[in-house]
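*Asks:* Spelled out from the first residue to the last, the chains are:
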Amino acid sequence: MTAPLLEVRDLRKTFVRGHGSGRRVVTAVDGVSFEVADGETLGVVGESGCGKSTTAGMVVRLIEPTSGEIRFAGTSLVGLRERRLRPLRRELQMVFQDPQSSLNPRQTVGTILSAPFQVQGVQPSGGVLAEVRHLMERVGLNPEHYNRYPHQFSGGQRQRIGIARAIALRPRLVVCDEPVSALDVSVQAQVLNLLAGLQDEFGMAYLFVAHDLAVVRHLSDQVVVMYLGRVVEQAAREELYRNPAHPYTQALLSAVPVPKVPEARKRVLLTGDVVQDRPVGGCAFRSRCPRFAGELSAGDKTRCTEETPTLLPLSPGQSAACHFV
Amino acid sequence: MADEPLLRVRDLSVHFPTPDGLVRSVDGLSFDVRAGEILGVVGESGSGKSVAGKAILGLHEPGQSVTTGEIRYAGRQVVGAAEEELRQLRGSEIAMIFQDPLSSLHPYFTIGDQLSEAYRVHNRVSRKAARARAVEMLTLVGIPAAARSYGAYPHEFSGGMRQRAMIAMALICDPGLLIADEPTTALDVTVQAQILQLIWDLSQEFGSAVVLITHDLGVVAETCDRVVVMYAGRCLEQADVVDLFERPMSPYTWGLLGSIPRIDETRGDLAPIAGQPPSLIDLPPGCSFEPRCGFAFGSCTSERPELSAAGSEDHLARCHLPVPDRQEIWRTQIAPAL
Chain A
1 MTAPLLEVRD
11 LRKTFVRGHG
21 SGRRVVTAVD
31 GVSFEVADGE
41 TLGVVGESGC
51 GKSTTAGMVV
61 RLIEPTSGEI
71 RFAGTSLVGL
81 RERRLRPLRR
91 ELQMVFQDPQ
101 SSLNPRQTVG
111 TILSAPFQVQ
121 GVQPSGGVLA
131 EVRHLMERVG
141 LNPEHYNRYP
151 HQFSGGQRQR
161 IGIARAIALR
171 PRLVVCDEPV
181 SALDVSVQAQ
191 VLNLLAGLQD
201 EFGMAYLFVA
211 HDLAVVRHLS
221 DQVVVMYLGR
231 VVEQAAREEL
241 YRNPAHPYTQ
251 ALLSAVPVPK
261 VPEARKRVLL
271 TGDVVQDRPV
281 GGCAFRSRCP
291 RFAGELSAGD
301 KTRCTEETPT
311 LLPLSPGQSA
321 ACHFV
Chain B
1 MADEPLLRVR
11 DLSVHFPTPD
21 GLVRSVDGLS
31 FDVRAGEILG
41 VVGESGSGKS
51 VAGKAILGLH
61 EPGQSVTTGE
71 IRYAGRQVVG
81 AAEEELRQLR
91 GSEIAMIFQD
101 PLSSLHPYFT
111 IGDQLSEAYR
121 VHNRVSRKAA
131 RARAVEMLTL
141 VGIPAAARSY
151 GAYPHEFSGG
161 MRQRAMIAMA
171 LICDPGLLIA
181 DEPTTALDVT
191 VQAQILQLIW
201 DLSQEFGSAV
211 VLITHDLGVV
221 AETCDRVVVM
231 YAGRCLEQAD
241 VVDLFERPMS
251 PYTWGLLGSI
261 PRIDETRGDL
271 APIAGQPPSL
281 IDLPPGCSFE
291 PRCGFAFGSC
301 TSERPELSAA
311 GSEDHLARCH
321 LPVPDRQEIW
331 RTQIAPAL
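Line order of the protein sequences matches chains A and B.
Residue 77 in my numbering sits at position 77 of the first sequence, and the numbers go up by one each step.
Residue 98 in my numbering sits at position 98 of the second sequence, and the numbers go up by one each step.
Calculated from the structure, these hints are not laboratory results.
A few of these clues could be false.
[As the list claims (entries may be wrong)] Each pair of labels, with its calculated beta carbon distance range:
#1 B:Glu-156 to A:Gly-281: 20 to 26 Å
#2 B:Asp-201 to A:His-19: 42 to 48 Å
#3 B:Val-242 to A:His-19: 54 to 60 Å
#4 A:Glu-295 to B:Gln-333: 29 to 35 Å
[As the list claims (entries may be wrong)] Computed footprint of chain A on chain B; a stretch qualifies when at least three of its residues, placed anywhere within it, have a C-beta under 8 Å from a C-beta of chain A:
#5 83 to 94
#6 173 to 179
#7 209 to 219
#8 241 to 250
#9 259 to 265
The beta-carbon is built from N, C-alpha and C at its ideal position, and this holds for glycine as well.
Kindly produce the complete structure, drawing on both the sequences and the hints.
*Replies:* Here's what the structure looks like:
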């Protein structure tokens, strides 16, 4: 069996907030493990504060993990020095949520898109200029706009620039952190089709982080659902969306409004919201869990309160972290 | 005419003069809201949906914008009304909640004080009575330990709780109409479901009509009775929610439906709308959607289509294509691909 392109093991990140007596440690990511195979898309989905963006940041080493292991194409990234990391960046790229703040406003598109070639010392066969124009065309931008600045483009076009920069050197993995959440639906669909088309053409893998479950379903082969820093469920796409196992995944999926005429849909309404009532120890979801509030016996509940559930396989290709699935 | 709708908007335009030219944010918008119904106003950024919502409350500064047309609430004209009259209307008759509750709540005052004040502005009651009413409202919107939460400051609440507090404040004077401008856009999806449920329950309980402004067709499908689809300042389609999703009659609505990835099924390629919305300063002379429309023909470029009946009396669309042609296109080309 071949090794996965990206392998993340027991990744953890804590941030220290405040100081003196107000000092407290926030665990943003708490023991996350997953793999991304060559040419595949792994969707990471969850609500605010679940640690999905922190995880993405650690994979590209914009955030230093507190502990854990990240192996990319056989090389361990954690603790790797910048000098050794740089050649790997050709293979490992990122697309950010907000193209406005991830593009230098004082550089032209041409300069922005030539940078990867200069930084990595890559000389494309037809020259950098020709390659950049080709890239612009490929992502649906007019190559004549080479000398324009980011502010002269619309939000959707700016996201195309960000994507063009990420794929310039034909990376093997592109980490996308909420790449379409700032866009209107009609433009969002254009960008989603672009991402899918580029993957078909170049065969790269995506680590696709988003809060929108429908968008994740559309693009992903495998899906990881996170809640308060931990993976609560992981499965192949159809498994996850057709037979969600974890009570959180079930509630999450049933909460998404569907754009079609409503038949009576059974909705699992969760109470409370994520950050305010994070319980200590045991299962982090129990404060909002409909099963914990309802059907479970007192003895079962003790287990939820005391024992943190680990991600266990339910069937080939589907695992969930719940004592009672 | 049998009975006048609660809110009647006719040929509403809100234009903003800027150094670059006149921005036609809302341009000839007409719709009705009947008592007790939930009307969805859906559109993408810049479609004019929020500008129209604010116009209903007379919130546009006269010096910076030009509002024309008719907005009649229970027989009273809002456009051009004196500030004093508007002030009476706002809060007591028509209330509004916004996307970001943190910036609509005052950070220095407690949630309870802000609620009580909202009540006392329109009702001559004692502080004590206002306080009791505020606690009652906080309980009603599902804020736990309402008496204790009364003394909390906005920053102590989570996003979902703040939006609940805003809803409590909006409904405290029992208004006939609630305008909710993207009330759940800043919230997580599980909290969004709670808030939409709350708005729906309360509109039933209080009998308030709701204008729900949103970009999310899913929210519209699950919450609204009728829908207005806006594009570049104009209404391109309005219909009963069932008609809109089962028999949409505007190519723009088709484009929106083709653009949305679905949670309930795995779709193949999305069918996005090509290009971008037009500049509101330099609108196309004909149909505003014509440059992006896959079905445009001769007169679409030169003549602005009128909002006209499409299929049923209650179903209106702004499109030059003959109705039978659109029905045929929807049935044979659009619906099968969704």
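*Asks:* Look at each hint and say if it fits the structure.
*Replies:* A quick look at each hint next to the structure:
1. B:Glu-156 to A:Gly-281: 20 to 26 Å: holds (25 Å)
2. B:Asp-201 to A:His-19: 42 to 48 Å: For Asp-201 (chain B) and His-19 (chain A) the Cβ distance comes to about 44 Å; the hint holds.
3. B:Val-242 to A:His-19: 54 to 60 Å: Once the Cβ atoms are compared, 58 Å apart, the range 54 to 60 Å for His-19 (chain A) and Val-242 (chain B) holds.
4. A:Glu-295 to B:Gln-333: 29 to 35 Å: Hint violated: Cβ distance 48 Å, outside 29 to 35 Å.
5. 83 to 94: As far as the segment 83 to 94 of chain B goes, the hint is violated, because 0 residues have Cβ atoms under 8 Å from chain A.
6. 173 to 179: violated (count 0)
7. 209 to 219: holds (count 5)
8. 241 to 250: holds (count 4)
9. 259 to 265: Holds: 6 residues of the segment 259 to 265 of chain B have a Cβ under 8 Å from chain A.
When held up to the earlier numbered hints, the structure conflicts with 4, 5, 6 and fits the remainder.
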